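Add chain B to chain A, keeping to what the hints say.
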Amino acid sequence: MTARQARSATGWGVVNLVVVLYALFPVWWIAALSFKDPATLTDGNFVPRSWTLENYRGIFRTTEFTRALVNSIGIAVISTTIAVVLATMAAYAVARLRFPGKRLLIGMSLLIAMFPPISLVSPLFEIERALGIFDTWPGLIIPYMTFSLPLAIYTLSAFFREIPWELEKAAKVDGATPAQAFRLVIAPLAAPGVFTTGILVFIFCWNDFLFAISLTSTDAARTVPAAIAFFTGSSQFQQPTGSIAAAAVVITVPIVLFVLFFQRRIVAGLTAGAVKG
Amino acid sequence: MTATRTGTAAKAAGRLSEGSRQERRLGWLLCAPAVLVMLLVTAYPVGYAVYLSFQRYDLRFPDRSEFVGLANYGAVLSSPYWWQALWVTALITVVSVAAELVLGLALALVMHRAVVGRGLVRTAVLVPYGIVTVVAAYSWQYAWTPGTGYLAALLPEGSAPLTEHWPAIGLIVLAEVWKTTPFMALLLLAGLALVPAETVRAAMVDGAGFGQRLRLVVLPLMKPAILVALLFRTLDAFRIFDNIYVLTGGANDTGSVSILGYDNLFTALNLGIGSAISVLVFLCVAAIALVFVKVFGAAAPGGSAEHR
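Chains A and B are the protein sequences, given in the same order. Note that my numbering numbers the first sequence so that position 39 is 1400, with each residue one more than the last. Note that my numbering numbers the second sequence so that position 248 is 325, with each residue one more than the last.
Think of the hints as simulated: they come from the structure by calculation, not from any bench. You may find that some hints are simply not true.
Partial chain B-side listing against chain A, Cβ under 10 angstroms, derived [unchecked claim]:
#, residue
1, C108
2, A111
3, V112
4, T119
5, A120
6, Y121
7, P122
8, V123
9, A191
10, F260
11, L263
12, L266
13, D313
14, S352
15, I365
All values derive from a computational prediction rather than experimental measurement. In this text, a Cβ means the ideal position worked out from N, Cα and C, and glycines have one as well.
Just chain A, same shape as in the assembly (with noise of 0.2 angstroms):
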């Protein structure tokens, strides 16, 4: 029997092993090209031979790299707040109200969970430059709030659903109007799920590229992932291989944190609003 527990056991760190190896391969090949110095930084090796912070160094040195995480910063914390303010509200209704016109507004955030960005971008391209918001914070902040609310609705409502009733009624009978439930009652318990969700909208917004390339010009609103893609070498004759591997793990390591520390509420998070429905 101990025999047989400790070829499973070995059997299942194989099996995790292999997980573990498929999940971080990228990751390490890039903070690993990020920590190359220029000289060895095209010899494809897996491990730097010599370590160096210069590639840390240069981006941070430029206006480029830090307005750009300034702008990624910013921009999804202003969208991740006001997308959760407003689902809340929203699934608050769906999970425990009765009213005319639920169906349709779960139809139309599903609509909207399954449109193609493409399609929007150019009148969204247009409709910002006629109202001088094309290249700003909010240019971003409201194609984010928006594609984000579908997802963040879901989840809501789906934890909202697991919140026991009774308190709400128990608060009712003692008085209280349905506003005041969820302002008192139901809002403290739904925290823990407001909080999933935040996490799960930001790594939304966070992740963006199509928009952010699209509706940005210069590094006022341009976000990390858009400005990675237009970096260039310090020389003409450089590439930008090092900054890029750099900024990338920058950007990398704020969400692998977040994973860590958060693991189980994510879990728990993106599946709740797909299974239970």
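Relative to the frame of chain A, chain B by itself:
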């Protein structure tokens, strides 16, 4: 049971009571901001995209803009570029979603049954989900570029897979599968958790092997979860852009319909043709969704929330 029924009856009878009217008003009030935002930022621009697609509108010659009816659609649909891009997109979608389903199911079974290192696997698997697509795409691109790349060094001398049509398509699929399999696996894992353990054990007692249990018991019970996961991933794969933009830029006939639309909009600055492509992509996506819902009967997530 009777108590619930009485409760429902009371609610139906008091349809216009003060309480339920208040509830209804609050429901609308709470949904209004989200609905307004979604309508303003998607419905209106889509209408505008349709309008633009009927115009000759080239940003380099704005004075020569005029209404041209369906001419832009004619130009797109008679162009080999559109059909090539559509074929590439469909191919990448089908191959990568199929691979993700198989790998995702395997991964979900591992996560479901793992006795050792379950947390480790779950955390590792979330990394591809969380990482920025562009970052992962650059990593793959450098890995496969001769000279710089670790993986390219393993290939025969002189091969540059990203500059040849079929190898490049393969690598795009690989990058896409790597990035999105975890998402698929997590959705399937949640479906797997809904399969009652007793049913599976009963099948085992009846002598069903692992393959039989999976095929005859587990998969049919997971069907709704599988369909939802497939629907989401198919629609998502169809709009593939980031990976192709970074890996090949659409060279050597590897561009997707989104890449084609982007090139027409921002490289050729032809908003009329670009918008026609945008509308066509939208129609394709709508058709895929319709097929899923009608043919496979995939339930819209949240749709069954009604009965609560």
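To see whether the hints hold, each was checked on the structure:
1. With 10 angstroms as the threshold, the beta carbon of C108 (chain B) comes within range of chain A, its nearest partner Cβ sitting at about 5 angstroms, so the hint holds.
2. Of the supplied interface hints, the one on A111 (chain B) holds, with its beta-carbon coming within about 4 angstroms of a beta-carbon of chain A, less than 10 angstroms.
3. The closest approach between the C-beta of V112 (chain B) and any C-beta of chain A is roughly 6 angstroms, which is under the 10 angstroms cut-off, so the hint is satisfied.
4. Because the closest C-beta pair between T119 (chain B) and chain A is about 6 angstroms apart, less than 10 angstroms, the hint holds.
5. Annotation: interface hint on A120 (chain B) holds; nearest CB of chain A at approximately 9 angstroms, less than 10 angstroms.
6. This hint holds: Y121 (chain B) has a C-beta 8 angstroms from the nearest C-beta of chain A, less than the 10 angstroms allowed.
7. With its C-beta approaching chain A no nearer than about 4 angstroms, P122 (chain B) sits inside the 10 angstroms limit, and its interface hint holds.
8. Annotation: V123 (chain B) was flagged as interfacial toward chain A, and the flag holds, the nearest CB pair being 7 angstroms apart, inside 10 angstroms.
9. Among the interface hints, the one on A191 (chain B) holds; its C-beta lies about 6 angstroms from the nearest C-beta in chain A, closer than the 10 angstroms criterion.
10. This hint holds: F260 (chain B) has a C-beta 7 angstroms from the nearest C-beta of chain A, less than the 10 angstroms allowed.
11. A least Cβ separation of about 5 angstroms between L263 (chain B) and chain A falls short of the 10 angstroms threshold, and the interface hint therefore holds.
12. Proximity of L266 (chain B) to chain A holds as hinted, the smallest CB-CB distance being about 7 angstroms (cut-off 10 angstroms).
13. With a cut of 10 angstroms, the hint placing D313 (chain B) at the interface with chain A holds, because the nearest CB-to-CB distance is about 9 angstroms.
14. Because the beta carbon of S352 (chain B) sits about 5 angstroms from the nearest beta carbon in chain A, less than 10 angstroms, this interface hint is met.
15. Hint status for I365 (chain B) relative to chain A: holds, with the closest Cβ pair at about 8 angstroms, below 10 angstroms.
The structure fails none of the hints (numbered hints given earlier).
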